[in-house]
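As a plain string of letters, each chain reads:
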Amino acid sequence: MGEAILRMKNIVKDFPGVRALDHVDFEAYKGEVLVLAGENGAGKSTLMKVLSGVWAYPSYEGDIYVRGDLKRFRGTKEAENEGVAIIHQELNLISEMTVAENISLGRQATNKFGAIDWNLVNQKAKDILKQLNINNIKSTDKIKELTVGKQQMVEIAKALSLDAKVLVFDEPTSALTEKEVAELFKMIKSLKEKDVCMIYISHKMDEFKEIGDRVAVLRDGKTIGEVTKISDITLDDIIARMVGRDIKDMFPKVKAKIGEIVLEVKDFSVDHPFLVGEAMVKNVSFDVKAGEVLGISGLMGAGRTELVTGIFGAMPKDVEGEVYLNGEKLNITSPEAAIKAGIALITEDRKALGLFLDKSLEFNTTTTSKMLDDNSNRIGILNQLTGRGITEKYVKELKVKTPSIDVSVGTLSGGNQQKVIIGKWLATAPKVLILDEPTRGIDVGAKTEIYRLINKLAAEGVAIIMISSELPEIMGMSDRIMVMCEGEKVADIPREKATKEKVIAYATGNFREEKMNEKNLEK
Amino acid sequence: MKKILKNNATLIALIAIGVLLTFLTKGSFFTSRNLTNVVRQVTIVGVIAVGMTMVILLGGIDLSVGSIVGLSAITVTLLMEKGVSVWLAIILTILLTGVLIGVWNGFLVAKYKIPAFIITLGMMTIARGLALTFSKGGSVPVKNNLFPRIGGAYISPGTSAIIIAIVLGIVIYSTFSGMKKKVKYGIELEKTKEMMSLVAKIIGVLFMFWVFVTYKGIPSPVAIFTVIALLGVFLLRNTKMGRNIYATGGNEEAARLSGINIFKVNMFVFTIVSALSSVSGIILASRLNGASPNLGNMFELDAIASVVIGGTSLNGGSGTITGTIIGAFIIGILNNGMSLLGVPSFYQLIVKGAIIIIAVWFDVVSKNKKVA
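Line by line, the protein sequences are chains A and B. Each residue of the first sequence is one higher than the last, beginning at 10 in my numbering. Each residue of the second sequence is one higher than the last, beginning at 2 in my numbering.
In case anyone wonders, no lab produced these hints; they're calculated from the structure. There may be inaccurate statements among the hints.
[To be verified] Okay, the calculated bits of chain A under chain B, using three or more residues with CB under 8 Å as the criterion:
hint : segment
1    : 108–114
2    : 338–350
3    : 381–395
Glycine included, C-beta positions come from ideal geometry on N, C-alpha and C.
Same shape as in the complex, but just chain A (with noise of 0.2 Å):
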């Protein structure tokens, strides 16, 4: 084991009420991968923010140590110049700018009469960009012409070129594709060779046994258990740690009675909103049943969620086709029009698209247009303490864990947050229910709530469309998978005949070879 390079000694940090930092105490070594485990709201990011010096000392109790220095970060800058650089979920990088700009952001070398040098800006940036071996990205490329795996990168060689001695990754693999995540990963792997220290914060438990080295699992804003090598232990340990439970089955499936059919969609198109002549989602007919939950998957951009916010109406220039809701023809130009037929759509982006984050939980829960007219009298004056009662029973149906319904939403763990929605959308009993993304950030505890959710509507007759980047929350929950790719529907498979390649397969365009495959199989 190499030398000790970050120590946190005894952190505790309070919040008016809570206590979000407990005596956190671990090491973190020289060229090792340390996982952070844990549900949302254990600390986690509190923790982070101690480290970066976003909570700057004095506002909490306890040491951070660097190579053994004790250091008192009174701010981000502080913190940085000693060498500890945080990769955001969210990119700090400014999209107008070059690459080279944004590496050398804040200290760009200058002449002698203090104007840029933007020769030494960009060679700087080229040999840092060469160093970390990335060949893919030039240094007089704009951000916001790169995707988001590549940004990432760039946010990594940043950091680098500060020369950063903790390199702490919070959540990176959420919004990168496959082949991304593969590629980020190799970078993670040469780091470790250049000694670097790397804390890996991630809600996926696949990456942990892949990228780590060791595991320290919070709960509660502790620490639970020792730091384990992560060759030590089993996921199922690391989720017991981090639940405080044994949480056996992650997709506790319980198929419901199937009915009849509920929703039908009828060669529905989504044309491009920008692009004249381009479609993002092309003739796709499909239907759900009574207590079926039809799970949707494929590659992001594949059309999946231009489809259902199509059939929800909340684009209704753009789309073409027919939907029935048990048999009748809908006519949805708006998505109140589709609320009051019985559709609900639970928004991939929980944030920018579905709460109102400084408002409180009443407030989400009974803002919709069917809520509002049902708890109204003719006139439209509200019956604010029917909406409080209504309100009230999600949260105890849902079990969110808040201290009144009165605080702002964004107060909220992003589980609890998700919850929220979810019981927005319940109260407005709905017959078909779309869920975009439903698990995405939020802790392995809400989850498995969720999913359980998801069974007991089924067995409600509710019809579930469920959209999810996960393969296994497909597998897992869908009692048949349609897949999607470049806009078309490629498949749809029945769940005793899914298997995770398949799945891939299709998703990425390869169906041909697997209907080839398929026949020779036949034959």
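Given the coordinates of chain A, work out where chain B should sit on it, guided by the hints.
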């Protein structure tokens, strides 16, 4: 305690400025006659500020309100000059200069997503130009006995006393019935907080009683303003439309996907603010017993300042009309106090600007603290 102070910072500032002015003016600020005048002056911009609160809650802005005041004052007086009866002239004015312009502004903002700043900036110039054109640049007198009473009359002290007593009764009754309801539905009661707010309200009503009853009674524009403000508070707090406004201002995309008709909300709000501006113009013309095309100049700034001082976020989504009213009174008593103290009007402008900046600065700083 700290929390109570922070939540009521603007109200406390208002009282503090009032006390300060009382001392500086050796009491001439704090007479029922002077305070009645202050309230009368505040109502003109206050009526507009009620609507402006809604626009800013949506994340928008309306710069045309001041010009609409001028245009509506000219329109109503010209209509009467042409022999149209008072009430018909008022209704026509509200429809033509208020509703019509509001619908136009709202339509362009909502349908084509043009920034409200630009649309209403253009309308500000157009409306002022129309006022100058119709009046041929001169002022229009009123030769009517009924019209001046709308903005100039007083409800007699006796009737005023009865009205205010009834208000006091309603305040006390509604507090207790509200508490009862909360208990019935199992909502947690913060008794000390409820009691403190009740005491504050009672003091406020008694203060009003003293101001109005010991002078000439409630001025009619104050009565109009009070009704409009109460309707506004009720609309935002207790109606579907109020919810829609907060939701749209808070997160437009989420609101749209929740089935809220963003177009309708925008149309409604822009129409309301223009209509209220034209009401304000009518009251002003009535009080002045005539109109000039330059009436309402810079009112948009006073209205926006009232809203901002009152704590409404320019990003939309959070704020209240109660806050706006307090903001309007802060500006009102500053204007009045400085005039009483004989501060030259040039300096008054500087002080007013500084107050706006300080208010927003204070708001931003205290909000940032909350996050940390």
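Results of checking the hints against the structure:
Note: the segment 108–114 of chain A has 0 residues with beta-carbon separation from chain B under 8 Å; the three-residue rule is not met and the coverage is violated. Only residues whose C-beta sits within less than 8 Å of a C-beta in chain B count toward coverage, and the segment 338–350 of chain A has 6 of them, enough to reach three; the restraint holds. Residues of the segment 381–395 of chain A lying with their CB closer than 8 Å to a CB of chain B number 8, which satisfies the three-residue condition for coverage.
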